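Protein chains in written order, with my numbering: chain V, 105 to 216; chain H, 491 to 604.
Some hints here could point you the wrong way.
To be verified - Lysine-lysine pairs mimicking DSBU-like chemistry, simulated, CA-CA at most 30 Å apart:
hint, chain 1, residue 1, chain 2, residue 2
1, V, K168, H, K541
2, H, K541, H, K560
3, H, K546, H, K560
4, H, K549, V, K159
5, H, K591, V, K145
6, H, K526, H, K591
7, H, K591, V, K124
8, H, K526, V, K145
9, V, K159, H, K547
10, H, K526, V, K124
11, V, K118, V, K168
12, V, K145, H, K546
13, V, K170, H, K591
14, V, K159, V, K124
15, V, K124, V, K170
16, H, K541, H, K591
17, V, K168, H, K591
18, H, K526, H, K546
19, V, K124, V, K145
20, V, K170, H, K546
21, H, K547, H, K560
22, V, K159, V, K118
Please keep in mind that the hints were generated in silico from the structure rather than gathered at the bench.
Treat the numbers as computed from the prediction; the structure is a model and nothing was measured.
Residue strings, one per chain:
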Amino acid sequence: GAVVSQHPSRVICKSGTSVKIECRSLDFQATTMFWYRQFPKQSLMLMATSNEGSKATYEQGVEKDKFLINHASLTLSTLTVTSAHPEDSSFYICSAGWETQYFGPGTRLLVL
Amino acid sequence: GQQVMQIPQYQHVQEGEDFTTYCNSSTTLSNIQWYKQRPGGHPVFLIQLVKSGEVKKQKRLTFQFGEAKKNSSLHITATQTTDVGTYFCAGLFISNFGNEKLTFGTGTRLTIIP
Chain V
105 GAVVSQHPSR VICKSGTSVK IECRSLDFQA TTMFWYRQFP KQSLMLMATS NEGSKATYEQ
165 GVEKDKFLIN HASLTLSTLT VTSAHPEDSS FYICSAGWET QYFGPGTRLL VL
Chain H
491 GQQVMQIPQY QHVQEGEDFT TYCNSSTTLS NIQWYKQRPG GHPVFLIQLV KSGEVKKQKR
551 LTFQFGEAKK NSSLHITATQ TTDVGTYFCA GLFISNFGNE KLTFGTGTRL TIIP
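Same shape as in the complex, but just chain V (with noise of 0.2 Å):
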């Protein structure tokens, strides 16, 4: 299958700094992909939608100027956490396909 993966699996950081994660389509294009946070236990919340060249699209609840997200190539979405404090410590997982998901292995998030 397809293979997507996430950089990096996990981080540290301090309360107020900020923190990028990648998402790589490895063996496909992708002109969309989802970033998606699972809190422990809980399902995945997609959080917005990737789109290649263009503005995300953020679920409802979502910030947009705190969860930044580029995807500049066909292959490569970041999400941004800006100014990132002790709540959004999480798992942060993107995914990219057509009708069916691959998704990446996930960063873990801890925001001390």
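Chain H: place on chain V using the hints.
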């Protein structure tokens, strides 16, 4: 908005027993997908159902899509320790604007007692 609920939330079974998780959507789905997430891992695609009343099998796993395309089930026969994980259904919705959106269910966490 669209909601996708799963029951039960947790299921503990003895190894060798069967397991079923049920998925219900508030609105009609374009298709439904099932994913498995192992502890500490990421969701892995299992299968997709598209047609009303569709039934698909993968070895010990049987997937069904309801006639109204609003509910689905996953049944595992004779569970094994490798079946441990959280099973998510995910419904694909087509919005009025033609956008596709995948909404994940609440998940069912399966644990196996050896």
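Now the hints, each set against the structure:
1. V:K168 with H:K541: Judged against 30 Å, a Cα distance of about 36 Å means the pair is violated.
2. H:K541 with H:K560: holds, 11 Å
3. H:K546 with H:K560: holds, 17 Å
4. H:K549 with V:K159: violated, 43 Å
5. H:K591 with V:K145: It holds: about 22 Å lies between the C-alpha atoms, which stays within 30 Å.
6. H:K526 with H:K591: This hinted pair holds, its Cα atoms lying about 19 Å apart.
7. H:K591 with V:K124: holds, 24 Å
8. H:K526 with V:K145: holds, 14 Å
9. V:K159 with H:K547: violated, 40 Å
10. H:K526 with V:K124: holds, 27 Å
11. V:K118 with V:K168: Status holds; Cα separation ~21 Å.
12. V:K145 with H:K546: With Cα atoms ~28 Å apart, K145 of chain V and K546 of chain H stay inside 30 Å; holds.
13. V:K170 with H:K591: holds, 22 Å
14. V:K159 with V:K124: This hinted pair holds, its Cα atoms lying about 17 Å apart.
15. V:K124 with V:K170: holds, 12 Å
16. H:K541 with H:K591: Between K541 of chain H and K591 of chain H the Cα gap is close to 18 Å, so the pair holds against 30 Å.
17. V:K168 with H:K591: holds, 18 Å
18. H:K526 with H:K546: holds, 16 Å
19. V:K124 with V:K145: holds, 24 Å
20. V:K170 with H:K546: violated, 42 Å
21. H:K547 with H:K560: Since the Cα atoms of K547 of chain H and K560 of chain H sit roughly 19 Å apart, the hinted pair holds (cutoff 30 Å).
22. V:K159 with V:K118: holds, 28 Å
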